[in-house]
Every structure is written in structure tokens, then in C-alpha cells.
Amino acid sequence: MKNPYRPIRAEVKEAVTETPTIKTIRFRPDEEIGFKTGQFIELTIPGVGEAPFTPSSRPSVREEMEVTVMRVGKVTEEIHKLQKGDIIGVRGPLGKGYPIESFKDKEILVVGGGCGFAPLRSLMYEFFDKSGQFRKLFFRGGCKTPGELLYREEIEGWAKRDDLDLDLTVDKADSQWKGNIGVVTNILDSVDMNYADGIAVVCGPPIAMKFATKKLLEMGFKDENIYLSMEKNMSCGIGKCGHCRIGTYYACQDGPVFTYAQIKDFPGIWD
Amino acid sequence: MYYLSREDFISLLRSLEKSYNVYAPVKKNNQRFYKKFAGDYSDILVGEVRPFEPLKAFFSPGRESVAEGFKPDVRLGEDKPSCVVGVKACDLKGFKVQDYVFLNHDYEDPFYSGRRKANLIISSDCTCAIDTCFCLALGVKPYPQEDFDINLSPVEGGFVVELGSSKGREVFNQHSHLFRKADEDSICVREEQRKRIIKEVDENIKDNNIPLQDELEGVVEEEGETDIWEDEVKTCVECGACNTICPTCHCFLLYDEKDEDKMQRLRIWDSCLVKDFARVAGGANPRPKLWMRLRNRFVKKFNFFPRVADIYACTGCGRCILACPAKIDIREVLRRLVDKKRIKE
Chain C
0 MKNPYRPIRA EVKEAVTETP TIKTIRFRPD EEIGFKTGQF IELTIPGVGE APFTPSSRPS
60 VREEMEVTVM RVGKVTEEIH KLQKGDIIGV RGPLGKGYPI ESFKDKEILV VGGGCGFAPL
120 RSLMYEFFDK SGQFRKLFFR GGCKTPGELL YREEIEGWAK RDDLDLDLTV DKADSQWKGN
180 IGVVTNILDS VDMNYADGIA VVCGPPIAMK FATKKLLEMG FKDENIYLSM EKNMSCGIGK
240 CGHCRIGTYY ACQDGPVFTY AQIKDFPGIW D
Chain P
0 MYYLSREDFI SLLRSLEKSY NVYAPVKKNN QRFYKKFAGD YSDILVGEVR PFEPLKAFFS
60 PGRESVAEGF KPDVRLGEDK PSCVVGVKAC DLKGFKVQDY VFLNHDYEDP FYSGRRKANL
120 IISSDCTCAI DTCFCLALGV KPYPQEDFDI NLSPVEGGFV VELGSSKGRE VFNQHSHLFR
180 KADEDSICVR EEQRKRIIKE VDENIKDNNI PLQDELEGVV EEEGETDIWE DEVKTCVECG
240 ACNTICPTCH CFLLYDEKDE DKMQRLRIWD SCLVKDFARV AGGANPRPKL WMRLRNRFVK
300 KFNFFPRVAD IYACTGCGRC ILACPAKIDI REVLRRLVDK KRIKE
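Top to bottom, those sequences are chains C and P.
0 is the number of the first residue of the first sequence in numbering that gives the first Met the number 0; add one for each residue after it.
0 is the number of the first residue of the second sequence in numbering that gives the first Met the number 0; add one for each residue after it.
What the hints contain is simulated information worked out from the structure, not anything from laboratory work.
Errors might be hidden in some of the hints.
For lysine-lysine, the following BS3-like pairs were computed, each having C-alpha atoms within a straight-line distance of at most 27 Å [what the hints assert, rightly or not]:
(1) K73/C - K166/P
(2) K288/P - K73/C
(3) K177/C - K22/C
(4) K73/C - K261/P
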């Protein structure tokens with residue numbers, strides 16, 4: 000029987016500094032593991048520990064993957080020290096991804112906040128790979144300052160695409176910023192679609208998700224069409240260790256992507 | 000049903016030693032503990048009540064290595080499977096929860112399932128009850144009815160034996176010369192004894208005014224009630240004894256260790272009472288207050304497991320009542336919750 004706790008050896012191929020506190024690590028596992036967009040992995044720093052991340056890379060690329068990591072704790076501190084050639088471990092893919100199949104022929108609004116751009120980048124690439132299968136695609140993103148905007152060059156490239164309506168905002172602008180100023184919920188009204196039948200995907204810090212969800216509900220999105228990424232203490236990744244319970248679910252096994260309808264009645268979902 | 004004399008029972012255990020590490024209870028200072036036996040069985044205790052340690056320790060030990068480096072092996076720490084003797088019905092109910100967690104999901108835990116297949120359970124009837132026993136309230140009888148391989152009901156000079164699984168039958172077949180058919184008298188003695196213990200536990204339940212599981216539906220809610228939890232938690236010192244001693248608590252912590260040439264992933268029992276249990280690296284904590292974590296323990300047992308697995312994750316073994324240095328009494332907490340709900344209705 001397979002050992003679900005053992006990490007697969009992987010080699011770091013590249014470490015890119017995105018912002019002073021965020022890096023993207025590209026690595027190649029010895030065994031191809033792949034992932035469905037929205038699924039997550041546990042990344043091991045040998046001897047230090049492991050932490051959960053949703054890959055930020057293109058799901059159709061099977062042999063390599065990327066994670067975009069904010070430095071916040073013991074494991075992420077070590078991840079930020081990684082260099083090309085370093086050996087790490089990886090377990091996964093874990094959890095359930097976005098049900099992309101059910102998004103077919105729908106209008107889709109993707110809302111990202113700060114570090115939440117990471118999983119959404121993977122989702123956007125999946126959409127681009129399947130361009131034409133969805134009726135309309137919107138991206139609305141916000142972060143604190145222009146300097147903290149992840150994947151800036153790539154996103155500028157996305158802005159030129161015909162199949163995507165994109166807009167960004169920052170809480171606090173600098174002299175070069177010519178775009179919107181304010182929180183991401185302020186730029187949702189410009190999304191021209193049938194909200195009642197549309198899909199909304201939200202990923203960001205809990206506080207941003209809370210207010211974005213509130214706004215989306217006001218706009219007319221249905222509970223079961225709002226997809227949220229829950230940040231919980233996912234450790235074993237297979238619904239056994241008990242740390243990431245949300246009501247009758249475990250974020251690791253039943254999520255980390257949930258519809259608002261699934262979790263709205265459970266307490267502390269934004270904590 | 001069969002009869003096994005005490006002498007033949009010892010012969011059986013001596014024979015089982017070849018393929019198993021044999022553990023059975025012994026009594027020290029009014030407590031019962033599992034001891035590893037070999038050869039000399041003079042202080043073995045089969046009846047009475049559940050030993051101090053929960054049965055789960057033989058299936059997911061308090062500390063074990065679950066991965067070494069990047070090696071895919073599943074290696075159990077013990078040289079031989081365990082034959083656990085004198086297991087009581089309350090601990091067997093623990094399997095219902097532990098099996099649900101470790102076996103019945105998309106991911107089977109190979110360490111647990113390996114032991115579940117290999118270990119042998121020789122259970123026994125309770126021959127007394129202690130003050131904290133309240134199994135009947137949770138639908139458990141004080142004698143094993145399922146989830147055992149062989150069950151022993153102590154009677155004069157030996158045991159009435161019941162086989163509960165194909166594994167038990169196999170052991171019986173290999174040692175059939177030690178057994179004989181149980182006579183009517185022994186079976187009668189067994190039934191009388193069972194009735195007597197049920198009465199004892201029943202008296203415990205009446206004396207302590209303990210709610211029965213039928214009354215527990217919907218009483219432990221994720222939200223709403225705060226007064227009872229804030230009051231009950233006053234003396235809690237966040238030690239986690241209630242978790243480690245509990246036959247149904249299954250939560251664990253994975254952590255990695257590295258010495259010069261070896262990298263190891265260990266798992267240890269964890270406690271949901273501890274502050275950082277659900278905290279994420281970014282700092283958010285869904286249960287920052289201790290009373291919320293005490294409530295969480297009850298929610299998991301009396302709300303989560305009934306909803307996902309149709310079972311109350313309490314076996315009425317009473318261990319947490321004795322283990323808690325803060326004297327938080329699960330029977331009392333449940334009674335307060337039931338009373339409060341009644342007043343509301």
C-alpha cells in the first residue's frame with residue numbers, strides 16, 4: 000500500500016523573487032504528480048517540516064510545478080532560502096480542485112486579493128488552455144501597493160487578451176500607478192454579466208474574501224456559484240489529523256475550494 | 000460457545016507468544032495497566048474494567064515514524080503484531096471512530112490498517128463497574144458484542160469463550176484441543192454476571208443523572224451556547240490529557256526531524272485543546288479562546304461524528320473524568336447542556 004505521508008523527492012529549478020516577502024519556486028518532482036487547478040500540495044523542507052500550498056503554475060505542465068510563497072512562518076522562511084539545485088519534498092496532489100467542467104459555457108468572474116493571486120494564476124492558465132469553452136471571463140484583482148502586485152508582467156500580457164476582461168486596483172498608489180485606487184470590491188460593478196447565472200471564484204486573505212463574498216451576494220451571485228479558497232491548518236492532507244475541520248468538512252479532503260453554500264452555516268469560516 | 004480453563008488459557012497465550020507480542024492487564028494501586036507478557040502469567044487480570052491506556056495505543060501509537068527520507072516504505076515499529084487481551088467493550092466501540100477515520104476514506108492509513116489486520120483482540124466481559132463507568136448511556140453494553148476476535152467471559156475456573164471473527168476462529172482451530180463445549184451452567188453464570196454489571200452501570204447513570212444518547216441530539220452546537228463552556232473551562236490547564244486518554248480521539252501532529260544522515264517524519268498524538276491546534280502560519284486562529292477549544296472537543300464527538308459517521312464519538316469509558324486535573328466531568332457537561340436545551344424548549 001502507498002505511504003501517504005512520505006514526500007516525493009523534488010529538485011528546485013528556479014527561485015524568483017516576486018516581492019520583498021513573496022517568492023515563486025519552480026521544481027521538478029522525481030515522479031510526475033500533476034494536479035488539477037485548485038488542488039494543493041504539501042511541500043517539505045527536509046528536516047524542517049512541511050506546509051500546504053496551491054500550485055500557481057499551469058496545470059497542463061505535468062512534470063514541473065511552481066508555488067508562490069509568502070514568508071510568514073518556520074517552513075516558509077526556509078522556502079525563501081531555496082536556490083536552484085536544492086532538494087525538497089512534495090506530497091500530493093491533495094484535495095478537490097475547481098470543478099472546471101461545470102463552468103463550461105458560463106460567464107466567470109475571478110476575484111483575487113494579494114497573495115490569493117497565486118492559486119488564481121493556475122486557474123487562469125487553465126482557462127486560457129481551454130479558451131472558447133467559457134462564455135465570458137473576467138478578472139478583478141487588488142493588492143495593497145503596486146510593488147506587491149504579483150506576476151505584474153504576465154498580468155499586463157493577460158490584459159491584451161481578447162477572451163479576458165481584466166481590471167486591477169491598489170489600496171495605495173505610487174507615482175507611476177495609473178489604475179484604480181481602493182479595495183477590490185469597488186471594481187466589481189464594472190463586470191458586465193448575468194450575475195444570477197454567473198460563476199465567481201474568490202481567493203485572497205480571509206478579510207478580502209469575506210467582503211468580496213458579501214458584495215457578490217449583493218450583486219446577485221448565488222451561494223452555490225461562489226467558490227472560495229479556505230485557508231486552514233491543513234497538515235496530513237487526507238482528512239485524518241483533524242486540524243482543518245470546517246463544520247462537517249475537512250478543508251484538506253473536501254476543499255480547500257468550497258462553495259459559499261457548502262460552508263456558510265459553519266462558524267468562524269473567515270477566521 | 001466454548002469453555003477454556005484458566006490453565007488452558009495460559010497455554011493458549013504461551014502459544015500465541017510465538018506470533019504475537021502478548022499484552023494483558025495487570026493491577027497496580029487500584030489501576031489496571033497493559034503489560035507485555037512472556038511465559039509467566041501469574042499476575043494477569045482478565046476481567047474487571049478497562050485498563051488505564053486506551054486501546055488505540057496498539058493501533059496508532061502515541062509516537063511513531065511514518066516516513067524516512069523519501070523512501071516509500073511503510074514500516075511498522077514493532078517486530079510482531081500485538082495480541083491484546085482483556086479489552087473491554089467501551090474500547091471496542093472506539094474502533095467505530097478510529098476505523099472511520101483511518102480506513103473508510105479515499106486514503107487508507109497503511110500504518111493503522113496494517114495493525115488492524117495483524118493484531119489479535121481477545122476481549123473480555125467487565126466483571127465490575129467503577130464510579131466513572133457510563134457505557135450504557137452511549138449504547139455500549141459492559142460486555143463485547145462485536146469487533147473482537149475472541150471474547151472471554153470469566154466464570155468459575157476459566158472462561159466462556161465466544162468467537163467473533165474468522166481470525167478468532169483460526170486461532171481456535173489451531174488450538175481446538177484446549178477448548179471444550181461450554182455447559183449450560185457456565186453460560187447461565189455468564190448471563191447472570193452480565194445482568195449484574197448492567198445493573199451496576201445503570202445505577203451509576205441514575206446516581207449521577209447522566210443523559211442517555213437519545214437525549215444528546217442537537218445539544219452540542221457549534222455556535223450559540225457560551226455560558227456553560229466559559230464556566231466549565233475555568234479550571235482547564237490545556238494539558239490535553241482528555242484527548243490522549245480517549246479511545247476515540249484520533250488527531251495527530253506530523254513533524255519532521257533530521258539528524259546527520261537521516262530525515263524522519265514522526266507523528267504524535269495531538270490535542271485540540273492546545274492553543275495552536277487550528278492556527279495557520281499567517282496567524283489566524285479559528286478558536287483563539289480556551290472555551291472555544293473545549294467546545295470544539297465536544298462538537299467533534301457529539302455533533303461532527305454523528306453527522307458524518309452516524310455515531311457518538313464517546314464510549315462512556317470515563318477515562319477523561321479521571322485524567323482531567325481540572326476535574327472537568329464529561330457527564331456533568333452533557334447534563335448541563337441537555338438541561339439547558341430542555342429549558343429553552
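(request) Assess, step by step, whether the Cα of K288/P is no farther than 27 Å from the Cα of K73/C, and give holds or violated. (result) 24 Å, holds
(message) Just to be careful, I want the Cα atoms of K73/C and K166/P compared with a cutoff of 27 Å; is the pair within it?
(response) Cα-Cα ~47 Å, so violated.
(message) Checking one constraint from the list: CA of K73/C to CA of K261/P, max 27 Å. Satisfied?
(response) 20 Å, holds
(request) Verify the proposed pairing of K177/C with K22/C, using a straight-line Cα cut of 27 Å. (result) 25 Å, holds
Of the numbered hints listed earlier, the single one contradicted by the structure is hint 1.
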